[in-house]
Amino acid sequence: MASKAIFSTLRRSLTKPHGGAVSRRHHLSTTSAATASEPYPGDEHAIVMKGVRISGRPLYLDMQSTTPLDPRVFDAMNASSIYDYGNPHSRTHLYGWEAENAVEVARIQVAKLIGASPKEIVFLSGATEANNTVVKGVMHFYKDKKRHVITTQTEHKCVLDSCRHLQQEGFEVTYLPVKTDGLVDLEMLREAIRLDTGLVSVMAVNNEIGVVQPMEEIGRICKEHKIPFHTDAAQAIGKIPVDVEKWNVSFMSMSGHKIYGPKGVGAMYVRRRPRVRLEPLMNGGGQERGLRSGTLATQQVVGFGVACELAMKEMEYDEKWIKRLQERLLNGVREKLDGVVVNGSLESRYAGNLNLSFAYVEGESLLMGLKEVAVSSGSACTSASLEPSYVLRALGVDEDMAHTSIRFGIGRFTTEEEIDKAVELTVKQVEKLREMSPLYEMVKEGIDIKNIQWSQH
Amino acid sequence: MVDKGPVISLCRSLLRAGHQYPDYNIREYAKRRTLEGFRMNKNLTDHSKVEEAYAEGKKQLEVVERVVKVYLAYPPRTKNIMELKLQ
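Chains as they are written, first to last, in my numbering: chain A, 1 to 457; chain B, 1 to 87.
By construction, these hints were calculated from the structure, which means they are not laboratory data.
This one's a predicted model, so the numbers in the text were calculated from it and none came from an experiment.
The reader is advised that the hints may include incorrect statements.
With a straight-line Cα cutoff of 27 Å, these simulated DSS-like cross-link-like pairs (lysine-lysine) come out [claimed, not checked]:
id : chain 1 : residue 1 : chain 2 : residue 2
1  : A       : 428       : B       : 79
2  : A       : 320       : B       : 69
3  : B       : 4         : A       : 112
4  : A       : 320       : B       : 31
5  : A       : 313       : B       : 69
6  : B       : 79        : A       : 263
7  : A       : 157       : B       : 49
8  : B       : 59        : A       : 421
9  : A       : 313       : A       : 336
10 : B       : 69        : A       : 179
11 : A       : 371       : B       : 79
12 : A       : 421       : B       : 42
13 : A       : 313       : B       : 4
14 : A       : 371       : A       : 323
15 : B       : 59        : A       : 112
16 : B       : 79        : A       : 313
17 : B       : 79        : A       : 112
18 : A       : 323       : B       : 69
19 : A       : 444       : B       : 4
20 : A       : 145       : B       : 4
21 : A       : 323       : B       : 42
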């Protein structure tokens, strides 16, 4: 934009015959050049995108929305993309056999991570598809006898939306409230179970607040009442120890791109003993035990398998490292700032997800100021709307605190220096905003904000 | 039986190869993970375990060298803020 203005003024000044006017316009053009497009010293790497200028690529602290591809996964996918191009479902030639082999190896790798048998794993396009297939498929299969679904208010949008779709079809859904620390109340779960309950769906690790639900207890309750238990473990696998036998789950949704694998692939665990049936969402040639027809994307599946194997090997080391970084982040922020609230239980939590609320600060302006740190407020699914996240609302967080929540996602590749830098930038931005905030001044003087009578103008 | 010499030279090769990654996070992770990997297996006495760990290290070296070539073939588009500040 600025360069166009410069060129047009230059062109005009060169074609005009008057000397005085030309020199004045020359001055104009050079000053506009200096203010608009000449980079500051040392700012050659600045990126200007969507009207924002940042001095370099921001540091990535949004591991819950997606994770970068691990180089070892990338390596395995490359080899597979080049050579395993056969259709894994072609039984008649070597190309099909090789591709099928690769898929079966991946299946074993995924199954080992969750303690299941490879025959119980179904590959599909992601955790969203798995959630949809299970919630709708199970209820449609048992629609004559079972008309009730139990889920929580903090589930992922795809589960809640599938339940809403079921409600429109005539099923009944109970959305269990959660306690203020984000955990499900087991007594309420017991009370909500009816004779015609067909499915209980509780996610293992919440993507927004990071709390880990009491899976074993919920599994025990479901086993008592013989109800299939579904869990969305997209954020849990590879991060906390997952065992389908201990948790007594009948269905589990897994996603590739949350464990340093490729996007566009996921898996569904469907228990075989005792057998649970479900109606497939994708009909066709009967691939994947008839539960998900369609040709498998071999290299994506191979990548997912390698990512799962890596996650199993690296789980201990990653957990130690991420816990250390989480403590560093929390202590660093708490040392310099007061009024920092951790949303969700601090004990029953996955260390890599830290959701903080800063009191007396406005959320959007905090995010705008934190342009050098890639974080998110609320989940990626809800960040388009300006409403505060429904998960925080379910926790009972006040509207103003819900608006200022920031979710820091720490992962395998995060470094200590990045955490220090994130702490520094956050503290600086929060202090700057609080300095400008009249509410903070009032609080410092000792006025209780909740008892103020705001007058109408 | 693997002697100390080849193990140290393997460690050095892994560190040198991992240092070439253009991406800041992966580069730091490669360094950290290599050192941690060798530190963890420092006190192994069982011969077969030592051989196993050494073979694993060699395999990882092959992977890193291959992957680094591909990563370098696509130069990064922008500089990471952490790299700018370190200058």
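Starting from residue 320 (chain A), check that the Cα of residue 69 (chain B) is at most 27 Å away, please. 31 Å, violated
Holds or violated: residue 69 (chain B) and residue 179 (chain A), Cα atoms, limit 27 Å. 51 Å, violated
Given hint residue 263 (chain A) paired with residue 79 (chain B) - CA-CA distance at most 27 Å: At roughly 24 Å apart (the allowed maximum being 27 Å), residue 263 (chain A) and residue 79 (chain B) satisfy the hint.
Straight-line alpha-carbon gap residue 323 (chain A) to residue 42 (chain B), limit 27 Å: 24 Å, holds
Take a quick look at whether residue 371 (chain A) and residue 79 (chain B) sit within 27 Å of each other, Cα to Cα. 15 Å, holds
Could you grab the alpha-carbon distance between residue 145 (chain A) and residue 4 (chain B) and see if it respects the 27 Å cut-off? 68 Å, violated
Pair hint outcome, residue 421 (chain A) versus residue 42 (chain B) [Cα-Cα no greater than 27 Å]: 33 Å, violated
Next pair to validate is residue 313 (chain A) with residue 4 (chain B); report whether the Cα-Cα distance is within 27 Å. Holds - the C-alpha atoms of residue 4 (chain B) and residue 313 (chain A) are around 25 Å apart, at most 27 Å.
Does the alpha-carbon distance linking residue 428 (chain A) and residue 79 (chain B) stay inside the 27 Å limit? Holds: residue 428 (chain A) and residue 79 (chain B) sit about 23 Å apart, inside 27 Å.
With a cut-off of 27 Å on the C-alpha distance, tell me whether residue 4 (chain B) and residue 112 (chain A) pass. Distance of about 34 Å is beyond 27 Å: violated.
Would the hint linking residue 320 (chain A) and residue 31 (chain B) be met if the CA-CA limit is 27 Å? Holds. Residue 320 (chain A) to residue 31 (chain B) sits at ~17 Å (cutoff 27 Å).
Holds or violated: are the alpha carbons of residue 59 (chain B) and residue 112 (chain A) at most 27 Å from each other? 22 Å, holds
Hints 2, 3, 7, 8, 9, 10, 12, 16, 17, 18, 19, 20 from the earlier list are contradicted by this structure; the remaining hints agree with it.
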